[in-house]
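Place chain B on chain A using the hints.
In case you want the letters, here they are:
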Amino acid sequence: MNAMLRETESTTAPLVASGLVHCYEGSNALNGIDLVLQPGSVLGLIGRNGAGKSTLIRAMLGLLQPLAGSAYVFGEPALKLGDATKARIAYVPQQPEALSWLTAQQMLDFVGRFYPRWDSSFAKHTLERWQIQPNRALAKLSPGERQRVELIRALAAQPELLVLDEPAAALDPVARRELLREIALRAGESGTTVLFSTHIVSDLERVASDVAFLHQGKLLMRCTVDETKERYARLWLPPQASFAAPAQALSRRRHDDGSLSLVVARDAHDQWPEAAGLPSARLDALGLEDLFVEIAE
Amino acid sequence: MDASLLSIQPAASEPIYRQIVEQLRRLIAGGQLTPGESLPSVRDVAGFHAINPMTVSRAYGIAESEGLLERQRGKGMVVSTTRQATQTESHRLALLEPQLQALARHANELELPAERILRRLTKLLGEER
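Order-wise, the sequence lines are chains A and B. Counting in UniProt numbering, the first sequence runs from 1 upward without gaps. Counting in UniProt numbering, the second sequence runs from 1 upward without gaps.
The set of hints was computed from the structure by calculation and includes no laboratory data. Ideal placement from N, C-alpha and C gives every residue a C-beta, glycine not left out. Be aware that a few hints might be false.
[To be verified] Label pairs and their calculated CB-CB ranges:
no.: 1; chain 1: A; residue 1: Leu250; chain 2: B; residue 2: Ala114; range: 35 to 43 Å
no.: 2; chain 1: B; residue 1: Ala104; chain 2: A; residue 2: Ala169; range: 40 to 48 Å
no.: 3; chain 1: A; residue 1: Gly191; chain 2: B; residue 2: Pro113; range: 19 to 27 Å
no.: 4; chain 1: A; residue 1: Pro39; chain 2: B; residue 2: Asp2; range: 31 to 39 Å
no.: 5; chain 1: A; residue 1: Gly50; chain 2: B; residue 2: Ser90; range: 51 to 59 Å
[Unchecked claim] Selected chain B positions facing chain A (Cβ under 8 Å, derived; list incomplete):
no.: 6; residue: Ala3
no.: 7; residue: Pro10
no.: 8; residue: Ala11
no.: 9; residue: Ala12
no.: 10; residue: Pro53
One chain only, chain A, in its complex shape (with noise of 0.2 Å):
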């Protein structure tokens, strides 16, 4: 049943992760990584630095050989993509570097020939709204420049896939909030998928959808935005309540006046641990930032 219900999610998955691991130098980037994208959903990958985002981005889009598990792009072996499939998706790096003797408007009329549903309208309009000179070379651009003709390439191709490594760092706030609007705008009526990865929550909160917590290597958890805010929040018990604290806890914390902080799910039945009725427990509602900092640590 189990081989089943993977046989039809890689063959119909925009992108399928299974038992992904990878190694710098002895030390593990990515420790068995599962992940499934759905059509439509826009997917916000958290984490600090150094967790391994851009490892598993890379790994999952086919861009390094993992050293074990596997990675498929619209069902294919991410290892093996045809050009259909690649003409499919738009991939940004944190650092673009290809085709960097080419001035960015010929970079883009060069690249706009491969991708079947090319918008150069957009493409020429986006240029300018975000003031890259056209006819620089994109090797005297500064990184920052760099990043966002790749995201004006990405977008103006309308993949089907879009994936953005760390987007928002490249991106004033006026630029940036029109770069979500793009993502949220396309995601929604053009199904587009979207994987992003960011240390910026807020944007995440915006746009994503779901949201996937990366943390030295491994998934701490993946669910929907929503559901992150509605199943977790902070459980405080005081000392003389401290021995009520449930077993289970995504995170426990004890103070130096021997209190202590937990974060809590819902259980099946929507109903918080027992030790939240306790009348000096406190149950805090977790935001995004705060649940990631508090499992992260």
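Here is chain B on its own, set in the frame of chain A:
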């Protein structure tokens, strides 16, 4: 109604779809939105606030099932004309429930007697009128 009438706080611990439903409920209860008035399209709200259109659809769907909104042919979503879901006194009281519960919790934490709080609250309510 204009999409800018909604205020979205992505970092709040309340999910965005619930922020929208809650604000619609208040705007309708408070009379800022009148029966039959058109709501901005899902696309307008999602575009203005740069949020996922599915979140807006979900909020509209819930507001519709609660009788706050109704779907009208050719006009999209409008404020409900058939049932004034939020106009009865008990409905309006229900809107205050979260604040009342928070107040009760704080009062208990501070170990304040109920009479003193009620006296103060009665005074405040009198001043507002």
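Starting from the range 51 to 59 Å, see whether the pair Gly50 of chain A and Ser90 of chain B falls in it by beta-carbon distance.
About 55 Å separates the Cβ atoms of Gly50 of chain A and Ser90 of chain B, which means 51 to 59 Å holds.
Hey, does the Ala12 of chain B contact hint survive, CB to chain A under 8 Å?
holds (6 Å)
Holds or violated: Ala3 of chain B as interface residue toward chain A, Cβ cutoff 8 Å?
violated (12 Å)
Grab the minimum C-beta distance from Pro10 of chain B to chain A and call the hint holds if it beats 8 Å, violated otherwise.
holds (4 Å)
Within 19 to 27 Å: is that where the Cβ-Cβ distance between Gly191 of chain A and Pro113 of chain B falls?
violated (59 Å)
Less than 8 Å between beta-carbons is the criterion; does Pro53 of chain B satisfy it with respect to chain A?
holds (3 Å)
Can the suggested window of 35 to 43 Å be confirmed for the beta-carbon pair Leu250 of chain A and Ala114 of chain B?
With a Cβ separation near 37 Å, Leu250 of chain A and Ala114 of chain B satisfy 35 to 43 Å, so the hint holds.
Hint Ala11 of chain B vs chain A: min CB-CB distance below 8 Å?
With a minimum Cβ separation of about 5 Å from chain A (threshold 8 Å), the hint on Ala11 of chain B holds.
Between Ala104 of chain B and Ala169 of chain A, does the beta-carbon spacing fit 40 to 48 Å?
This hint holds: roughly 45 Å between Cβ atoms.
Does the Cβ pair Pro39 of chain A, Asp2 of chain B satisfy 31 to 39 Å?
holds (32 Å)
In this structure, the earlier hints numbered 3 and 6 are contradicted, and the remaining ones agree with it.
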